[in-house]
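*Asks:* Listed below are the residues making up each chain.
Number of protein chains: 2
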Amino acid sequence: MPESPIRKLVPFAEKAKKLGKEVIHLNIGQPDIETPEVALNAVKNLNLKVLEYSHSAGNESYRKGLAEYYSKISAGITHEEVMVTTGGSEALSFAFTACLNPGDEVIIPEPFYANYNGFAETTGVKVVPINSKIENGFALPPIADFEAKISAKTKAILICNPGNPTGYLYSKEELIQLRDLVKKHDLYLFADEVYREFCYDGKKHESILSLEGIEENVIVVDSVSKRYSMCGVRIGALVSRNKEVMSTILKLAQARLSPPLLGQIASEAALKTPQSYFDQVSKEYVERRDILVDGLNAIDGVFCPKPGGAFYAVAQLPVEDTEDFCQWMLESFEHNGKTVMMAPVSGFYSTPGEGKKEVRLAYVLEKEKLKQALVCIEAGIKAYQNK
Amino acid sequence: MPESPIRKLVPFAEKAKKLGKEVIHLNIGQPDIETPEVALNAVKNLNLKVLEYSHSAGNESYRKGLAEYYSKISAGITHEEVMVTTGGSEALSFAFTACLNPGDEVIIPEPFYANYNGFAETTGVKVVPINSKIENGFALPPIADFEAKISAKTKAILICNPGNPTGYLYSKEELIQLRDLVKKHDLYLFADEVYREFCYDGKKHESILSLEGIEENVIVVDSVSKRYSMCGVRIGALVSRNKEVMSTILKLAQARLSPPLLGQIASEAALKTPQSYFDQVSKEYVERRDILVDGLNAIDGVFCPKPGGAFYAVAQLPVEDTEDFCQWMLESFEHNGKTVMMAPVSGFYSTPGEGKKEVRLAYVLEKEKLKQALVCIEAGIKAYQNK
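Listed in order, the protein sequences are those of chains R and S. So the first sequence is numbered by the working numbering: it starts at 6 and just counts up by one. So the second sequence is numbered by the working numbering: it starts at 6 and just counts up by one.
If we strip away everything but chain R, and leave its shape as in the complex, we get:
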């Protein structure tokens, strides 16, 4: 596995900190939002004497709770159509292993979450990227682009909705286009919907679970990590109405025995998180997004489409190579004792050379820090251009 452009930066960030610089981290998706109290309390009120294995598919009571949650998205989901996994990562790895064979191809609109490459590599599956464009906010590429890449080896399409790194939220129309394509070629449609709860400006999230006519083709990858700001519990889920796929996945789940028990206790309790929590979180993220994105677009030569979901934005900077720029920001620049760490987006593209001018910024920090980051980025760009 090649080292990712973000990981390459880590030693530079560490060195910068050792030298006394404050590094503002816009590079990672670890929210500072508090975990819902109802989840924390469930852990604190633990009343078990033995921390036993749970069912390989996850505790039944939790799966039933999840089935109720998913049934609000698409009627009639049962707990047997839900598998509790060790994070969204394992859900995706299960989906790849269960549905694809070595040599098969999966089409993914790029830029995409770089870890997808790791799951593909482990299972011997080839990723076929389809370029989406910053100019139109990373909307779904034309279906003709997909058609051009579909071969006998193509077995699946994978989307992330809303997207990491783009924050783009697919419209119902775009999903219906994908539905028709998937149906026509009898492909699997995988959707990573871990940011489902984070949709802004009154837009509604459309899950692929609700697409009619491809019920057997659809596999949803989910996670509590971002939804309840508890990335550390490592609890995800896989949802599918395809009985054969679910039966294969149960065998994979049995091989690793069970998903984490304590995380399941927190996650089951989190299902009772009041709507007020989400409203407050959503309001906070919209404010942060607006500060960050508006601030970026106010900088000379920077272009950043306003994302409709998640908590990432991709910006194009007036530099030739953001890998170099991001390293320079850590290594050679500071403004009032501060610098900013951003993720070069080249690592999120599968096509070599794409995204060289782009960075991903995660707005997971408080507004004051984002404002400081903007000042720093503006000063950094100027200094970098004049060096």
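Be careful, since some hints might not be right.
[Said to hold, decoys possible] Here are some chain R residues pointing at chain S (derived, C-beta under 8 Å): (1) E39; (2) V48; (3) K49; (4) Y58; (5) S59; (6) T91; (7) S234; (8) A271.
FYI, nobody ran anything at the bench for these hints, they're computed from the structure. Where is the CB? At the ideal position from N, CA and C, for every residue including glycine.
On the provided structure of chain R, position chain S as indicated by the hints.
*Replies:* Chain S only, in chain R's frame:
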């Protein structure tokens, strides 16, 4: 993946319970022993507001605690030589992926923990079994048997010590024989040592970490599941002094982001479990083992070597096929309203046809239940023979 003989029995056990039979489960390794209070209390006293990702390699404070623990086994282990994993399962899967390529061969004395097959299958590695014999208590097979199976494709030997399903505890002499073999052919030596703490009759566990001259070849797979009776937390560890292997494994660990946070909190606290806990647990297991094994050997036609460690015993029964017998015990037999579920050992052999007369029994239940189980097994064998 073929269905295991144990899993095939599950529906029969469920049906037996529905019909009102009490099923005594000697088939699974889920101990009834209580988790140490110090671990449960650490969870109850959780004082985090956000359950964040931990470091991909595990929390540094926990890794330092583990380094101290392993240094008592083999001097000088540092926290950089320890990777916290999602259960022992993930540690083994990382070891296979990092050290072996598709087509490589790994030699494993059989019978062995059936899930090893799953990890081999996922990584495209071929398992080459070497038969160990119930007649001598499943001791290490002669080195000549290993030599006969070593080819250019052989890359590793995997042992489980003490063994699941056999309970056999390798002697220092046996490990030195393996050490010499591994050195001669420059192989990896993997040891699953998750039952390390369960050694009886004054015998001492020898870890492969302490074998001199093959420091770079050794990879230990570990877990807190059995040690502290907390299988549900899904925390394991991988220990190796091989820097290159550890660097590859860190990349695999990064791809799945982090091991479970709450389980790490419990596990770090569990390092402070008082010796009195282990003494009590060990005393309990020895009493259970003696009741079970002596009781089995008192049954006409049954042979069960007394294991030196873990909490499993393999017994040879006077029946032709334990898969059939175990199913019959669930489906067609009861004694005072009870029956016993055991694991046919054929599923733990890689060589077809081996172990057909053997069952694995886990002595993870209280003594009274074990006595009831023995009565039941004796009556069952008689009835089965006379049917």
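*Asks:* Tell me the hint numbers this structure goes against, listed in increasing order.
*Replies:* The structure conflicts with no hint, since it agrees with every one listed earlier.
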